[in-house]
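A.B. asks: Below, each chain spelled out in residue letters.
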Amino acid sequence: MTPEPPTAGARPVDPAEVLASAQGPACAVDAVLDIRNVSKCYVLEEVVVNALRGVDLEVCRGEMLAIMGPSGSGKSTLMHIVGLLDHPTTGSVSIDGQDVSGMSPNELAAVRNKRIGFVFQSFNLLARTTAQANVELPLIYAGLSASERARRARNALERVGLGNRLGHMPNQLSGGQQQRVAIARALVTEPSIVLADEPTGNLDSRSGVEVMQILQNLNDQGITVVLVTHDARVARHAQRVVHIRDGQIVLNECVEHRIIANIEVAELESDAPLADELGVLSVNTRSGA
Amino acid sequence: MNLLESFRIALRALSANKARSALTMLGVIIGVAAVILLVSIGTGVQTQVTGSIEGLGSNLLFVFPGNYTSGSGGGPGGPGASLRKPFTLDDAQSLQVRLGDSAVVVPVAQGQAAMKVGNRTWNSSISAGNEFGMEVFTATMAGGRFYNRSEVTASRRVVLLGATVSENLFPGQNPVGRTVAVDGQPFTVIGYFEPQGGSMSGDSDNAIYMPITTAQQLLGSKDISMIVVKAADANEVDLLKSRVELLLRPKFKDQFTVFTQQQTLGLLSTLLGTLTAMLAGLASISLLVGGIGIMNIMLVSVSERTREIGIRKAVGARTYDILSQFVIEAIVLSVLGGVVGIIVGAGGALALSKWVPAEVSFWSVVLAFLFSAAVGVFFGVYPAYRASRLDPIEALRYE
Chain A
4 MTPEPPTAGA RPVDPAEVLA SAQGPACAVD AVLDIRNVSK CYVLEEVVVN ALRGVDLEVC
64 RGEMLAIMGP SGSGKSTLMH IVGLLDHPTT GSVSIDGQDV SGMSPNELAA VRNKRIGFVF
124 QSFNLLARTT AQANVELPLI YAGLSASERA RRARNALERV GLGNRLGHMP NQLSGGQQQR
184 VAIARALVTE PSIVLADEPT GNLDSRSGVE VMQILQNLND QGITVVLVTH DARVARHAQR
244 VVHIRDGQIV LNECVEHRII ANIEVAELES DAPLADELGV LSVNTRSGA
Chain B
2 MNLLESFRIA LRALSANKAR SALTMLGVII GVAAVILLVS IGTGVQTQVT GSIEGLGSNL
62 LFVFPGNYTS GSGGGPGGPG ASLRKPFTLD DAQSLQVRLG DSAVVVPVAQ GQAAMKVGNR
122 TWNSSISAGN EFGMEVFTAT MAGGRFYNRS EVTASRRVVL LGATVSENLF PGQNPVGRTV
182 AVDGQPFTVI GYFEPQGGSM SGDSDNAIYM PITTAQQLLG SKDISMIVVK AADANEVDLL
242 KSRVELLLRP KFKDQFTVFT QQQTLGLLST LLGTLTAMLA GLASISLLVG GIGIMNIMLV
302 SVSERTREIG IRKAVGARTY DILSQFVIEA IVLSVLGGVV GIIVGAGGAL ALSKWVPAEV
362 SFWSVVLAFL FSAAVGVFFG VYPAYRASRL DPIEALRYE
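First to last, the sequence lines map onto chains A and B.
In terms of the numbering used here, the first sequence is residues 4 to 292.
In terms of the numbering used here, the second sequence is residues 2 to 400.
Honestly, the hints are just simulated from the structure, not real lab data.
We put the CB at the ideal spot given by N, CA and C, even for glycine.
Mixed in with the good hints, there may be bad ones.
Here are some chain A residues pointing at chain B (derived, C-beta under 8 angstroms) [stated by the list, open to error]:
#, residue
1, 83
2, 105
3, 115
4, 121
5, 140
6, 141
7, 143
8, 144
9, 169
10, 173
11, 178
12, 188
13, 210
14, 223
15, 225
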């Protein structure tokens with residue numbers, strides 16, 4: 004669990020945020036993602052598990068959506084189905100208006116390559132491979148030339164503030180930097196949607212805030228972001244939160260008092276000298292113990 | 002994704018585990034090197050033996066006691082062996098008389114002898130014939146003379162030395178006129194030979210040559226091991242063969258065999274060819290074991306990199322991309338091993354050729370290379386297939 008920094012609750016609410024979220028959950032004019040009546044059953048040690056039970060979900064273009072729920076609620080399964088890594092038992096999934104239900108594994112791979120960017124909790128970078136080579140990976144499978152790959156990979160790494168870390172191996176980077184490499188890899192194909200599965204789960208709170216800042220900034224630039232989390236505070240960075248429990252969506256709400264990571268980062272930076280003076284606060288805010 | 006990209010990924014993966022890649026390759030290296038080395042030696046021996054037989058000239062007949070042609074006959078050690086009637090000098094004599102000018106008949110006796118000069122001792126084989134011996138022995142005289150008819154008739158203790166014998170008993174000297182003790186009997190050296198390398202009857206350099214009558218006394222046996230008949234006209238070898246058979250049949254029934262040089266050549270070639278193939282077959286087993294080593298390592302590599310496969314699939318790798326990545330990795334391993342094996346095997350054969358006849362043949366190199374590549378494909382496809390079929394989500398969850 005990531006504890007809340009002491010300043011979080013006291014932050015003034017931006018009226019524009021309230022206005023945006025007041026439009027309510029049923030939004031879509033142009034849906035990037037459309038999930039209809041999706042169920043997923045699997046057998047685990049001879050027990051049938053209903054991970055998802057009739058889920059309907061629409062994600063609008065340019066939206067930042069959080070899927071929230073406790074562990075075992077089915078949110079990761081939903082994420083995997085949305086990301087075309089897993090097949091639903093019943094129901095349909097459409098991306099950019101295209102139904103993917105009948106697609107072969109290779110066709111699905113092509114859709115993942117072109118339209119979806121993944122950010123995982125555990126980064127999932129290739130070991131002993133430079134940041135640039137990691138970011139180039141999806142472009143290799145897209146069939147781009149080496150020079151074009153290098154250009155786009157450098158560009159993507161610059162967007163996440165790692166333009167000076169191109170040749171670093173994952174083990175030479177901090178957790179936050181590794182996750183930023185992973186975000187660059189998700190971006191580099193200019194996908195329709197970026198899926199982030201507990202992107203801050205393995206990070207200290209400071210790095211977590213920085214990752215959320217990047218995701219929010221990308222969303223401001225028009226990229227659709229779906230993030231999965233069990234952390235209510237992380238979820239409040241999104242415009243809309245879908246609550247899932249026992250494989251069903253129980254609540255679909257717009258976020259009031261949306262957290263703006265840019266402000267958080269600025270506060271963390273201005274807090275830093277104070278926190279250094281107060282040892283206890285330092286532990287809470289900096290290391291996220 | 003193009004093939005070049007697959008190669009770069011494969012090379013990167015292999016260089017990430019250098020020690021493991023090298024040890025895996027070692028299996029293929031040993032297999033390929035063994036195939037090339039053994040085939041080279043086999044081919045070398047074959048070439049040398051056939052060469053030395055061809056060097057005798059194409060007009061020779063070899064007459065052996067015993068029946069080597071029919072299965073029921075008395076081959077050496079066979080059921081007929083005890084019935085085998087040995088040739089005597091008289092048989093050779095009467096053959097010569099009846100064949101007249103159309104042929105030269107040389108009875109040949111063989112044995113072993115211990116020699117001594119001063120405090121130097123040496124063991125060698127004995128080749129004994131009559132005064133026409135030089136017609137059938139393939140040696141070139143370095144000095145002295147061959148024994149003559151009267152020395153044969155009188156069983157004179159005269160001897161000619163092969164190059165090895167000469168070099169060991171009289172190092173750096175001309176042995177002609179010197180005395181050497183052969184099995185305790187004093188012999189006068191009347192000639193010696195140039196070195197000429199091995200031959201079908203062992204090392205003809207490590208042999209001494211003496212009149213057959215002398216040899217019979219020395220060995221205490223009236224038997225002769227074979228009769229060599231040299232046709233005056235090379236075109237009449239077949240005719241001569243039937244005449245020899247006709248002349249010997251009354252006395253020996255079917256208990257003798259006449260080989261023409263062509264037959265001997267064919268027989269030996271077949272034998273040595275079979276031997277070479279057998280050696281190659283044995284060596285291929287180690288190549289097979291090397292291939293299984295590759296499969297084993299590739300399977301380990303696939304399960305070790307399950308997560309990597311998951312990541313690659315998540316970002317858009319198709320089944321074919323993963324399959325080709327792992328197959329190419331296996332091929333690179335085996336082909337690299339094959340190339341190193343060829344260098345080691347060919348280098349070893351060249352180094353050995355100082356002592357053993359060895360010839361690196363082009364086809365053995367090509368075959369070994371293709372075989373090693375095939376091993377890579379064959380043993381790489383299964384692990385690669387397993388890798389390519391992994392479910393992306395299962396692969397990503399794998400710890």
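A.B. asks: The structure should be examined with respect to each hint, and the outcome stated for every one.
C.D. replies: Here is what the structure says about each hint:
1. Against a cut-off of 8 angstroms between C-beta atoms, the interface hint on residue 83 (chain A) holds, since the closest Cβ of chain B lies about 5 angstroms away.
2. Given hint, residue 105 (chain A) at the interface with chain B, is violated; its Cβ is 17 angstroms from that chain's nearest Cβ, farther than 8 angstroms.
3. Hint status for residue 115 (chain A) relative to chain B: holds, with the closest Cβ pair at about 5 angstroms, below 8 angstroms.
4. The restraint placing residue 121 (chain A) at the interface with chain B holds, with a minimum CB-CB distance near 5 angstroms, inside the 8 angstroms limit.
5. For residue 140 (chain A), the suggested interface contact is upheld, since its CB lies about 5 angstroms from the closest CB of chain B, less than 8 angstroms.
6. Proximity of residue 141 (chain A) to chain B holds as hinted, the smallest CB-CB distance being about 4 angstroms (cut-off 8 angstroms).
7. The interface hint given for residue 143 (chain A) holds, since its Cβ lies 6 angstroms from the closest Cβ of chain B, which is under the 8 angstroms cut-off.
8. Given the 8 angstroms rule on beta carbons, the hint for residue 144 (chain A) holds: about 4 angstroms separates it from the nearest Cβ of chain B.
9. Residue-level restraint check for residue 169 (chain A) is violated (minimum Cβ-Cβ distance to chain B is 17 angstroms; threshold 8 angstroms).
10. Hint status for residue 173 (chain A): violated, given a least beta-carbon distance of 12 angstroms to chain B, over 8 angstroms.
11. Interface restraint check: residue 178 (chain A) against chain B, minimum CB-CB distance 17 angstroms, threshold 8 angstroms, status violated.
12. Look at residue 188 (chain A): its Cβ gets to within about 7 angstroms of chain B, closer than 8 angstroms, so that hint holds up.
13. Interface hint at residue 210 (chain A): violated, since its Cβ lies 21 angstroms from the closest Cβ of chain B, which is beyond the 8 angstroms cut-off.
14. Interface hint status for residue 223 (chain A): violated, as the beta-carbon distance to the closest one in chain B is roughly 25 angstroms, over 8 angstroms.
15. This hint is violated: residue 225 (chain A) has a C-beta 22 angstroms from the nearest C-beta of chain B, more than the 8 angstroms allowed.
The structure fails to meet hints 2, 9, 10, 11, 13, 14, 15 from the earlier list, while all remaining hints are met.
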